[in-house]
Amino acid sequence: QQQVKQSPQSLIVQKGGISIINCAYENTAFDYFPWYQQFPGKGPALLIAIRPDVSEKKEGRFTISFNKSAKQFSLHIMDSQPGDSATYFCAAPTFQGAQKLVFGQGTRLTINP
Amino acid sequence: NAGVTQTPKFQVLKTGQSMTLQCAQDMNHEYMSWYRQDPGMGLRLIHYSVGAGITDQGEVPNGYNVSRSTTEDFPLRLLSAAPSQTSVYFCASSYTGTPRTEAFFGQGTRLTVV
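Just so you know, the protein sequences line up as chains A and B, in that order. Here this note's numbering is used: the first residue of the first sequence is 102, the next is one more, and so on. Here this note's numbering is used: the first residue of the second sequence is 26, the next is one more, and so on.
These are calculated hints, taken from the structure and not from any lab test. Here the structure is a predicted model, which is why all the values come from computation and not from measurement. Please note that the accuracy of each hint is not assured.
What the hints assert, rightly or not - What follows is a set of in silico ranges between Cβ atoms, one per label pair, in the way DEER data are often shown:
id, chain 1, residue 1, chain 2, residue 2, range
1, A, Pro214, B, Gly78, 29 to 39 Å
2, B, Met66, A, Ile121, 19 to 29 Å
3, A, Lys169, B, Gly28, 31 to 41 Å
As the list claims (entries may be wrong) - Which residues of chain A face chain B? A few of them, derived with a C-beta cut under 10 Å, are:
id, residue
4, Ile113
5, Lys116
6, Tyr126
7, Tyr133
8, Leu202
For every residue, glycine included, the Cβ atom is placed at its ideal position computed from N, Cα and C.
So that you can see chain A by itself, here it is in the shape it has in the complex (with noise of 0.2 Å):
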């Protein structure tokens, strides 16, 4: 069973700072590797994704970095906004079974203005 580890649980960061959350995985079948954003009271939704055929992908602010030797990814945030507190959650996919993410424990987001 695919295990994904979140670290760390909270983050509190100040305004125009990085934030950074990173994930380790164990095993996949498919190389792809979501990030998901909560905000309070709201369903997650879908930040940005990486298959790791490259090892950055890039989104404005929102960066991942992939290390596939490693089983790890990570999510960067650059000059974080009070706007960016929320929740984030990664996941990868199950090693069998059809579009079967397992997620991270969440990490809650604290940009302080």
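Dock chain B against chain A, hints included.
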């Protein structure tokens, strides 16, 4: 567009009661799933369906039943509620059954079992 709609948003049950959490999507997605979210545990898959008439168990299926009679609807039934089922429940759908497609989540049902 409504997307994925879950009802109710909040529910309090007594131990032993049964209830059905409703989920409907209007995007003609084949794949639908149910997750529960607990503090420090992330999102854990309860059941999923790859199309009408086809369902399968996820990571934490005990105490829950599902059925998929139409493409649009995927209800989750709690047979005999227990305090351990206190959680926030999310329904999600995606276009295909592959992990590479975006999952669209509903706004959740906060369930408390007393």
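#### Entry: Satisfaction of the Lys116 (chain A) interface hint, Cβ to chain B closer than 10 Å
26 Å, violated
### Query
Can Tyr126 (chain A) be said to touch chain B, with a Cβ gap under 10 Å?
12 Å, violated
### Agreement of hint Ile113 (chain A) with chain B interface, Cβ distance less than 10 Å
17 Å, violated
### Query
Taking the CB of Pro214 (chain A) and the CB of Gly78 (chain B), does the distance hold inside 29 to 39 Å?
51 Å, violated
### Query
Is the gap between the beta carbons of Met66 (chain B) and Ile121 (chain A) within 19 to 29 Å?
22 Å, holds
### Message
Given Tyr133 (chain A) as an interface hint, is its Cβ closer than 10 Å to any Cβ of chain B?
### Response
Nearest chain B Cβ about 4 Å off; hint holds.
### Task
Could you see if the CB distance from Lys169 (chain A) to Gly28 (chain B) stays within 31 to 41 Å?
33 Å, holds
#### Entry: Interface hint compliance - Leu202 (chain A) to chain B, C-beta minimum distance less than 10 Å
6 Å, holds
Violation of the numbered hints given earlier is confined to hints 1, 4, 5, 6; the remaining hints are satisfied by the structure.
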